[in-house]
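Chemist: Dock chain P against chain S, hints included.
First to last, the sequence lines map onto chains S and P.
The numbering of the first sequence is numbering that gives the first Met the number 0, which starts it at 0 and goes up by one.
The numbering of the second sequence is numbering that gives the first Met the number 0, which starts it at 0 and goes up by one.
It cannot be assumed that every hint is accurate.
[As the list claims (entries may be wrong)] No more than 25 Å apart at the CA atoms, straight line, and that leaves these computed lysine-lysine pairs for PhoX-like:
#, chain 1, residue 1, chain 2, residue 2
1, P, LYS24, S, LYS283
2, P, LYS327, S, LYS349
3, P, LYS315, P, LYS382
Quick caveat, the hints were computed from the structure, so don't treat them as lab data.
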Amino acid sequence: MTVSEEHAAKTQVGEDIMSIVETAGSNSSVPDFNAEQERHAYREMLLIRRFEEKAGQLYGMGFIGGFCHLYIGQEAVVTGMQMAIKKGDQLITTYRDHGHMLSAGMDPKGVMAELTGRASGYSHGKGGSMHMFSVEANFYGGHGIVGASTPLGSGLAFANKYRGNDNVCLSYFGDGSANQGQVYEAFNMAKLWSLPVIYIIENNKYAMGTSIDRSSSTTDLSQRGVSFDIPGEQVDGMDVRAVKAAGDKAVARAREGKGPYILEMLTYRYRGHSMSDPAKYRTKEEVQKMRSEHDPIEQVRARLLDKGLADEDELKLIDKEVRAIVSEAAEYAQNAPEPEASELYTDILKES
Amino acid sequence: MATEILMPALSPTMEEGKLAKWLVKEGDNVQSGDVIAEIETDKATMEVEAVDEGTLAKILIEEGTEGVKVNTPIAVIAEEGEEVSAEAPSGAPVEAAAPPSATAPVSSPEPAPAAPAVMAAAEPELSPNTESASMTVREALRDAMAEEMRRDGDVFLMGEEVAQYQGAYKVSQGLLDEFGERRVIDTPITEHGFCGIGVGAALGGLKPIVEFMTWNFAMQAIDHIINSAAKTLYMSGGQMGCPIVFRGANGAAARVAAQHSQCYSAWYAHVPGLKVIAPYTASDAKGLLKAAIRDPNPVVFLENEILYGQSFDVPKDDDWVLPIGKAKVAREGSDVTLVSFSRGMAYTLEAAEVLAGEGIEAEVIDLRSLRPLDMPTIIESVKKTNRIVTVEEAWPVCSIGSEICASVARDAFDFLDAPPTQVTGADVPMPYAANLEALALPTAGQVADAARAVCYAK
Chain S
0 MTVSEEHAAK
10 TQVGEDIMSI
20 VETAGSNSSV
30 PDFNAEQERH
40 AYREMLLIRR
50 FEEKAGQLYG
60 MGFIGGFCHL
70 YIGQEAVVTG
80 MQMAIKKGDQ
90 LITTYRDHGH
100 MLSAGMDPKG
110 VMAELTGRAS
120 GYSHGKGGSM
130 HMFSVEANFY
140 GGHGIVGAST
150 PLGSGLAFAN
160 KYRGNDNVCL
170 SYFGDGSANQ
180 GQVYEAFNMA
190 KLWSLPVIYI
200 IENNKYAMGT
210 SIDRSSSTTD
220 LSQRGVSFDI
230 PGEQVDGMDV
240 RAVKAAGDKA
250 VARAREGKGP
260 YILEMLTYRY
270 RGHSMSDPAK
280 YRTKEEVQKM
290 RSEHDPIEQV
300 RARLLDKGLA
310 DEDELKLIDK
320 EVRAIVSEAA
330 EYAQNAPEPE
340 ASELYTDILK
350 ES
Chain P
0 MATEILMPAL
10 SPTMEEGKLA
20 KWLVKEGDNV
30 QSGDVIAEIE
40 TDKATMEVEA
50 VDEGTLAKIL
60 IEEGTEGVKV
70 NTPIAVIAEE
80 GEEVSAEAPS
90 GAPVEAAAPP
100 SATAPVSSPE
110 PAPAAPAVMA
120 AAEPELSPNT
130 ESASMTVREA
140 LRDAMAEEMR
150 RDGDVFLMGE
160 EVAQYQGAYK
170 VSQGLLDEFG
180 ERRVIDTPIT
190 EHGFCGIGVG
200 AALGGLKPIV
210 EFMTWNFAMQ
220 AIDHIINSAA
230 KTLYMSGGQM
240 GCPIVFRGAN
250 GAAARVAAQH
260 SQCYSAWYAH
270 VPGLKVIAPY
280 TASDAKGLLK
290 AAIRDPNPVV
300 FLENEILYGQ
310 SFDVPKDDDW
320 VLPIGKAKVA
330 REGSDVTLVS
340 FSRGMAYTLE
350 AAEVLAGEGI
360 EAEVIDLRSL
370 RPLDMPTIIE
380 SVKKTNRIVT
390 VEEAWPVCSI
400 GSEICASVAR
410 DAFDFLDAPP
420 TQVTGADVPM
430 PYAANLEALA
440 LPTAGQVADA
450 ARAVCYAK
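This is chain S alone, in the form it adopts within the complex:
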């Protein structure tokens, strides 16, 4: 394939993505947010984005090591879903997890300090970017093995059902995980036992460097539950209102004991798979088009301004507040002490 043919092929993938987002959305039917919801979504998404940009910067400065998978571009997915659940509901995801933690209410300082491997990080510096947990925030990780969070999330839902409460578990995974065998094993049992779990497939179109068309025999991932009689739908994952509306329905259904549901969130990551990925498998135009036409934060910002729900000054205040939180977290994470050497041998087993 010549360079220009390759470019054309990549552009084709890009156009398919746009059309999926646009048709899935049919956003005229999406219920509007009120002013408070718009402001909340704006602030939450902005916090994730600024946090991730700062994490990228700290990575570049050598403060964060190893793998660091940024959530930039996908902020509407977790933000909208968090708006659809109640306290006590659990969430679990794979390793692109910083946004989920912030959205679950975990302290940005503790998350950033874990990224820099410090004693006051959520895992005392022993977990890093991909392995953080908070019992308090009902955040069950942070899992580095592609596909593993799906049965684990189903197990959390099993615990809810066993206890007879009405909590639901949001089990997030990506288009890459969607081809793992254990995902389907979990689907089967979740339906068989009517577990209160929502499978949220964050389809950002690329499993590392392999586009969904190159990895998946069927690309409508919302229909991957058909063999198990699990219903699903595609959602415009760049529109936080569409995410919340779909989340509301799926969560209510699971809470009523009607079992699992699949929400395929059509979304997009602006950055590479991890920090060290130059992302040569897609064109700059594709990325730029998503950023300029579908950015989840810009959509909310535009609505807030167009509808007169907020003015520039108010938004600037939110920006400033978010920047201050992120700067404080970064400052803290750079200066907090590393774990004591004695921590090497702690937390391996619990005292019986």
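Modeler: Relative to the frame of chain S, chain P by itself:
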């Protein structure tokens, strides 16, 4: 305040790179997320995004410059309306900005701490009036589960054929009738999936017993046993425990060949974050399974199909809970130490009887737990006998016996009068043919021969 943009590291190993191209020029307004430059390393070309916003006041490193060190200031961003001093710093790496080495614990000079010693609790003392009853290992395991399920509503059993079929090996016989289908759950044949669901339920605070029909099939699920169950407490800084028992038949059965006859003792004993138990007697099976269910950690419980039907005396005591990590001296002796576990104990005890007839008094240690491994009991015995033979059905390479022999050579070298010796299964996949299968498993005769050899007896 003006902010410096530093040359970023684009991978954990990058030290310098080429500033290939500026995509903005001085005076341009930049927003967070704007791509401002391209950087080339030996591996790739990467884009640099702005984190701060404002006006690009000054470019400090011209495009095309090679060998720009990580953390060198490459440009200055000024806030709106701000004047940038003409004396903007020129491109020298910023020491204060903590170069990567300052954050890399590997370069830390502090010595690694020693691993803590593992102390097991003492054996429970039974009142002399406690009666015993003969029961099979199968019944002992069933009673252990039933008693713990009565005691704690969070304990439940899941696995293939555990409920309506009453257990593929009848270990769960009667549990469905007593506890109902909420707590005794038949799964589809889908080890990876139901193991993950069990682990998830444990992370959520329940206390699952996950039965694998045999441990051979748990290879499909080993990712969850190790990556999800064993490592989570550590990865969460001690926040999130995983109280779960994985149990089922391990090792060789009879005439089921290679894929159904493998001992996984060394596989799981290798893993920090797990406890591993492999009992021989019904009494130990019951007391240790009860301990495993009460333990807040993930426990791998290795049973043996051939032992299920064998009977032993078991104390009649609902609180018969044994300490995990404590070996048992099954037979006292002064001439040679024989160490085994699970079904290997049968050959070992038989060999000890034969040796006694020849005037060789063997001390037989039943490990019972493989992790933590009770090395103090073994070392104590070797100090007395000065000889050791380990016995197991597993493959010889990197086996439990290898670990014990290495530890004895290190910690009791001066006490040894003969090389530590191993009796193991043959280093082959288990054959089907009856004669070949017999050749692949250790025998009492081999154990006795090994003992005679280290005693320099004929």
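Chemist: Check each numbered hint against the structure and report the violated ones by number, ascending.
Modeler: Of the numbered hints, just 3 does not hold.
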